[in-house]
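Same order as they appear, the protein sequences are chains C and P. Using our numbering, the first residue of the first sequence is number 284, and each one after it goes up by one. Using our numbering, the first residue of the second sequence is number 35, and each one after it goes up by one.
There's no promise every hint is true.
[Claimed, not checked] Calculated pairs, DSS-like style, for lysine-lysine (alpha carbon to alpha carbon, straight line, at most 27 Å): (1) P:Lys90 with P:Lys133; (2) C:Lys313 with P:Lys133; (3) P:Lys90 with C:Lys296; (4) P:Lys133 with P:Lys51; (5) P:Lys102 with C:Lys313; (6) P:Lys133 with C:Lys335.
[As the list claims (entries may be wrong)] Covered stretches of chain C (chain P as the covering partner; in silico rule of three or more C-beta atoms under 8 Å from a C-beta of chain P): (7) 320-328; (8) 382-388.
Everything labelled a hint here was simulated from the structure, so no lab data went into it. For clarity, every value in this text was computed on a predicted model and none was experimentally measured. Cβ coordinates follow ideal geometry from the N, Cα and C atoms, glycine included.
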Amino acid sequence: DAGVTQSPTHLIKTRGQHVTLRCSPISGHKSVSWYQQVLGQGPQFIFQYYEKEERGRGNFPDRFSARQFPNYSSELNVNALLLGDSALYLCASSSSGGALLFGPGTRLTVL
Amino acid sequence: ELKVEQNPLFLSMQEGKNYTIYCNYSTTSDRLYWYRQDPGKSLESLFVLLSNGAVKQEGRLMASLDTKARLSTLHITAAVHDLSATYFCAVDRASGTYKYIFGTGTRLKVLA
Chain C
284 DAGVTQSPTH LIKTRGQHVT LRCSPISGHK SVSWYQQVLG QGPQFIFQYY
334 EKEERGRGNF PDRFSARQFP NYSSELNVNA LLLGDSALYL CASSSSGGAL
384 LFGPGTRLTV L
Chain P
35 ELKVEQNPLF LSMQEGKNYT IYCNYSTTSD RLYWYRQDPG KSLESLFVLL
85 SNGAVKQEGR LMASLDTKAR LSTLHITAAV HDLSATYFCA VDRASGTYKY
135 IFGTGTRLKV LA
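I would like the entire structure built from these sequences, with the hints used as guidance.
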């Protein structure tokens with residue numbers, strides 16, 4: 284079975300631009316979560332979606348938004364990029380009773 | 035403020051030695067997770083600890099959970115170079131929500 288997939292793998296943007304990151308959960312998993320990991324730190328929770336509804340939001344500005352589609356895939360959007368948005372963005376899916384299973388991540392560099 | 039703290043932050047150890055990584059947390063969650071991360075890679079799930087007193091072992095790694103003390107340990111036995119990585123513990127903000135708070139990470143380097 285395929286694990287969590289994310290695209291693109293790497294992305295370079297300039298300040299002020301917009302970015303869309305994509306994620307497909309493990310087949311059968313209905314929940315998707317997004318995390319931001321800045322270099323040298325632990326991941327920080329951004330969003331959680333379940334059955335297309337937002338179930339939680341971390342301490343991130345409104346420039347960050349997300350959605351989940353009927354096939355349970357998800358998009359994370361970030362507007363008006365700042366240098367500090369440079370990070371590894373991780374998507375994870377989960378099933379009841381288990382741990383979050385993370386995708387390979389998208390490394391975003393903002394210049 | 036909800037916090038998860040790990041110590042040490044950095045650990046350099048000789049092959050064959052034993053050591054323990056500590057994870058203290060302030061939430062009331064009774065679930066704790068351990069992950070491994072290799073440089074430039076994503077997170078790999080190692081252990082899921084679901085109740086007080088839970089102990090899990092895989093190879094040279096053993097994890098335990100004391101929910102009363104809000105403490106988890108990751109014990110390394112007879113370390114080998116392949117265990118070099120960063121190890122994170124994580125807890126739910128509230129049990130079963132899967133909204134994790136991650137620790138600061140422990141960067142482990144095993145020297146041959």
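Count residues of the region 320-328 of chain C with a Cβ under 8 Å from any Cβ of chain P, then say if the count reaches three. holds (count 5)
Does the alpha-carbon distance linking Lys90 of chain P and Lys133 of chain P stay inside the 27 Å limit? holds (22 Å)
For the pair we were handed, Lys313 of chain C and Lys133 of chain P, check the Cα-Cα distance against 27 Å. holds (15 Å)
Holds or violated: Lys133 of chain P and Lys335 of chain C, Cα atoms, limit 27 Å. holds (16 Å)
Would you check chain P against the region 382-388 of chain C, counting CB to CB pairs closer than 8 Å, and say if three or more residues qualify? Check passed, 7 qualifying residues.
Has the given pair, Lys102 of chain P with Lys313 of chain C, been kept, meaning a C-alpha gap of at most 27 Å? Given pair Lys102 of chain P, Lys313 of chain C is violated - Cα atoms ~32 Å apart, limit 27 Å.
Quickly compare the C-alpha distance for Lys90 of chain P and Lys296 of chain C to 27 Å and report which way the hint goes. Violated: Lys90 of chain P and Lys296 of chain C sit about 43 Å apart, past 27 Å.
Pair hint outcome, Lys133 of chain P versus Lys51 of chain P [Cα-Cα no greater than 27 Å]: Since the Cα atoms of Lys133 of chain P and Lys51 of chain P sit roughly 35 Å apart, the hinted pair is violated (cutoff 27 Å).
The structure shown violates the earlier hints numbered 3, 4, 5.
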